[in-house]
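Asks: Letter by letter, the chains look like this.
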Amino acid sequence: MPTLTTTPALDVDRIRAEFPVLGRETRPGVRLVYLDSAATSQKPRRVIEAMTGFYEQHNANIHRGIHRLAEEATEAYESARRRIAAFVGVHDPAEIVFTRNATESINLVASTWGRAQLQRGDLIVLTEMEHHANLVPWQMLAAERGVTLAFIPVTDEGRLDLAAYRALLDRRPRLVAFTAMSNVLGTINPTAEMAAEAHAAGARVLVDAAQSVPHLPTDAAALGVDFLVFSGHKMCGPTGIGVLYARRELLEAMPPYQGGGDMIRRVTLQAFVPNDVPYKFEAGTPAIAEAIGLGAAVDFLGGLGMAAVHAHEAAITEYALERLSEVPGLRVYGPPAAERGGLATFSMAEAHPHDVAQILDHDGIAVRAGHHCAMPIHEKLGLPATTRASFYLYTTRDEIDRLIEGLYKVKHLFA
Amino acid sequence: MDDLYREQIIDRYKHPRSRGTLDPHDYTYEDDNPLCGDRIRIDVRLGPDQRVSKAAFSGQGCAISQASADLLTEAVVGKTLDEIKAMSKDDILEMLGIELGPVRLKCALLSLKVLKAGVYGIDQVEPDLA
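Protein sequences appear in the order of chains A and B. Heads up: the first sequence runs through residues 8 to 422, numbered per the numbering used here. Heads up: the second sequence runs through residues 7 to 136, numbered per the numbering used here.
I should point out that these hints are in silico values taken from the structure, not numbers from a laboratory. Backbone N, C-alpha and C define an ideal beta-carbon position, used for all residues, glycine too. Possibly wrong hints are sitting among the right ones.
The calculated SDA-like cross-link candidates involving lysine to any residue, where the alpha carbons are at most 20 Å apart (straight line), are [unchecked claim]:
{"no.": "1", "chain 1": "B", "residue 1": "K20", "chain 2": "A", "residue 2": "S354"}
{"no.": "2", "chain 1": "A", "residue 1": "K418", "chain 2": "B", "residue 2": "D17"}
{"no.": "3", "chain 1": "A", "residue 1": "K387", "chain 2": "B", "residue 2": "Q66"}
{"no.": "4", "chain 1": "A", "residue 1": "K418", "chain 2": "B", "residue 2": "K20"}
{"no.": "5", "chain 1": "B", "residue 1": "K112", "chain 2": "B", "residue 2": "Q66"}
{"no.": "6", "chain 1": "A", "residue 1": "K418", "chain 2": "A", "residue 2": "G336"}
{"no.": "7", "chain 1": "B", "residue 1": "K20", "chain 2": "A", "residue 2": "F421"}
{"no.": "8", "chain 1": "B", "residue 1": "K95", "chain 2": "B", "residue 2": "K112"}
{"no.": "9", "chain 1": "A", "residue 1": "K418", "chain 2": "B", "residue 2": "I16"}
{"no.": "10", "chain 1": "B", "residue 1": "K85", "chain 2": "B", "residue 2": "R23"}
{"no.": "11", "chain 1": "A", "residue 1": "K387", "chain 2": "A", "residue 2": "D168"}
{"no.": "12", "chain 1": "B", "residue 1": "K95", "chain 2": "B", "residue 2": "E36"}
{"no.": "13", "chain 1": "B", "residue 1": "K112", "chain 2": "A", "residue 2": "C380"}
{"no.": "14", "chain 1": "B", "residue 1": "K60", "chain 2": "B", "residue 2": "M93"}
Reference listing, derived: stretches of chain A covered by chain B, where coverage requires no fewer than 3 residues with Cβ under 8 Å from a Cβ of chain B [said to hold, decoys possible]:
{"no.": "15", "stretch": "355-365"}
{"no.": "16", "stretch": "373-380"}
{"no.": "17", "stretch": "383-396"}
From the derived model, a few chain A residues whose C-beta atoms are all more than 12 Å from chain B [said to hold, decoys possible]:
{"no.": "18", "residue": "H70"}
{"no.": "19", "residue": "L257"}
{"no.": "20", "residue": "Y264"}
{"no.": "21", "residue": "Y286"}
Bound-form chain B, shown alone:
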């Protein structure tokens, strides 16, 4: 298949590594993209060093949105909250390893938007993720 459906994305979609919820958790947030119904919740637990010890996602949606959530929740383990706040669109695209048009970009970035909203504790995220 083409680059968009690299094996990694299909594999992550079918066999996610960090799907689930965390109880207890230190941060949680959930949001959706009403245009396509992608919905993602991300739970984050911090270790004694104030770095992410575990993160998990739940929700439903297209392969791109779910694979990016799975990759992201794996990638943030060991990061500080400030390091998460500094993550950008490019980090997600690098993880996915694909190029996306504007409509699919929203699918890919939903998980980062949710994670950041949770970490900031508010709905305030950068405009390019909104």
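Isolated chain A (complex conformation):
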């Protein structure tokens, strides 16, 4: 009996045909099984072609030339900004600042807003499940400014301890910065609820959405956050392009980030007047082709519908967790499928993650082994390293089956 649903299922075969690399073999006769999309996603042909097309037909510098190509390049770059804004529910494209990646976006906030606003004794609340990108910039600011850092603990089930969070809010932090989805545990955090509570306590809110924007529908306005950061390369876009969303009045009050061309309105030998937002934060020639590539990526994802992308990943994740639970001696970390994004981080009793990854690689299966740029959460788990399989809109059940076969091979070899 057909089920009534508002979310049309993805045509995964058709989607896979759009990704040239998914057709390759890692060695003769061994088809690639790419389970490392949380590190970086693969790129559909239309993204690659958007960038090539720009270089072949329109390449020019932006925001200054009067000639035809310069106008086309500027329009393509700004059009990408508008479409990316719409993709994450931002109505004013000037609130979208292009950066290199989520990491640079956080560094931008720390070194502009953070330096201008925070003083000795001010409190920043982070979490124990943060990626190094949302830890180290604040540690650097803390060392420079005498700002205090406090951390929302992670429970044994891999969730944030929200009671402890509320107790931290009683200390009146200036900023709460947390990941929307853990890149290790997969936990999807209650972003809107946490943001509302932070605001009620008088704090600003920064959300590291590097793992969530590629996989879940995102509505920055509805989330009510002050800053939201993500990377293009994890969402079918190219490397070298990332986004900082911030509310306009915050951007306008923030000092510039880097100095140079394009970020100024006027310059004398002694001084400068900064440009309007977002250009104030985009010094120098930006990654034009990459921004255009990311524009093509959000067109692609938006065309499929992020609800459909998420539904596919949720089904794959549920299947993967079920199959992984069959493997004796294997332990998966993090919450149940319903509360997590498309990844599974695990350990095996018999074999070190490096050995697991190496043996899987022999069968063309690409997973990540290590601490996934999140050493503190591994310390909490009591493990120096884990193995992570991560999924995306192109991941199939067959690929999960091949992962499981590979894991049995590991067990056999190390038994």
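Given the coordinates of chain A, assemble chain B onto it according to the supplied hints.
Replies: Showing chain B alone in chain A's frame:
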């Protein structure tokens, strides 16, 4: 399986010949690779002829790091300290009998790095082992 997991490596990992600690010992050192958590300690005892009479390793990590420590602690028996100082990356790779990419190379070379640091009595090892 492929060359990387030759029987010798799995066998050494599962049944190491020289795992343990030595008390007394003349040299000991311990270090880790924070990227993957491989940790190795090596103890060395010298005989009256100032050659290694016994060496042992302890620690944890991947098969490559542990197998290479086991092979190394066996291979240094009978060597002088100068001979140990002269050992190189190639000696380890020859013992393992495999080729390794840059990430796994660090796993394979941790034991030599630890042994040399112990023998030199300082943290100073060649850059290509660091």
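Asks: If a hint holds in the structure, say so; if it does not, say that too.
Replies: Hint-by-hint comparison with the structure:
1. For the suggested pair B/K20 and A/S354, the alpha carbons sit about 18 Å apart, so the restraint of at most 20 Å is met.
2. Restraint check for A/K418 and B/D17: satisfied, since their Cα atoms lie roughly 14 Å apart, inside the 20 Å limit.
3. For a cut-off of 20 Å, the pair hint linking A/K387 to B/Q66 stands: about 18 Å separates their Cα positions.
4. Taking the CA atoms of A/K418 and B/K20, the gap is near 13 Å; set against the 20 Å cutoff, the hint holds.
5. Note on B/K112 and B/Q66: the hinted pairing holds, with a Cα-Cα distance of about 14 Å set against a maximum of 20 Å.
6. For a cut-off of 20 Å, the pair hint linking A/K418 to A/G336 stands: about 9 Å separates their Cα positions.
7. A threshold of 20 Å between alpha carbons decides the hint, and for B/K20 with A/F421 the separation of about 8 Å falls inside it, so the pair holds.
8. This hinted pair checks out: B/K95 and B/K112 have alpha carbons roughly 10 Å apart, not beyond 20 Å.
9. With a C-alpha separation of about 12 Å, the suggested pair A/K418 and B/I16 falls inside the 20 Å cut-off, and the hint holds.
10. Restraint check: the Cα-Cα separation between B/K85 and B/R23 comes to about 18 Å, which is no more than 20 Å; the hinted pair holds.
11. Taking the CA atoms of A/K387 and A/D168, the gap is near 14 Å; set against the 20 Å cutoff, the hint holds.
12. For the suggested pair B/K95 and B/E36, the alpha carbons sit about 19 Å apart, so the restraint of at most 20 Å is met.
13. Taking the CA atoms of B/K112 and A/C380, the gap is about 18 Å. The hint holds against a cut of 20 Å.
14. Using a Cα cut-off of 20 Å, the hinted pair B/K60 and B/M93 holds, with the two alpha carbons roughly 17 Å apart.
15. For the stretch 355-365 of chain A, the stated coverage by chain B holds: 6 residues have a C-beta nearer than 8 Å to a C-beta of that chain, and at least 3 were required.
16. Given a C-beta distance limit of less than 8 Å, the hint that chain B covers the stretch 373-380 of chain A holds, as 3 residues qualify and 3 suffice.
17. With a cut-off of 8 Å between beta carbons, the stretch 383-396 of chain A has 3 residues touching chain B; three or more are needed, and the interface restraint holds.
18. Remark: the non-interface label on A/H70 is consistent with the geometry, its nearest Cβ contact in chain B lying 41 Å away (cut-off 12 Å).
19. Annotated as non-interface, A/L257 keeps its C-beta farther than 12 Å from every C-beta of chain B; the closest such distance is 36 Å.
20. For A/Y264, the condition that its CB be more than 12 Å from all CB atoms of chain B holds, with the nearest at approximately 30 Å.
21. Distance check for A/Y286 against chain B: the nearest CB is about 39 Å away, which clears 12 Å, and the non-interface claim stands.
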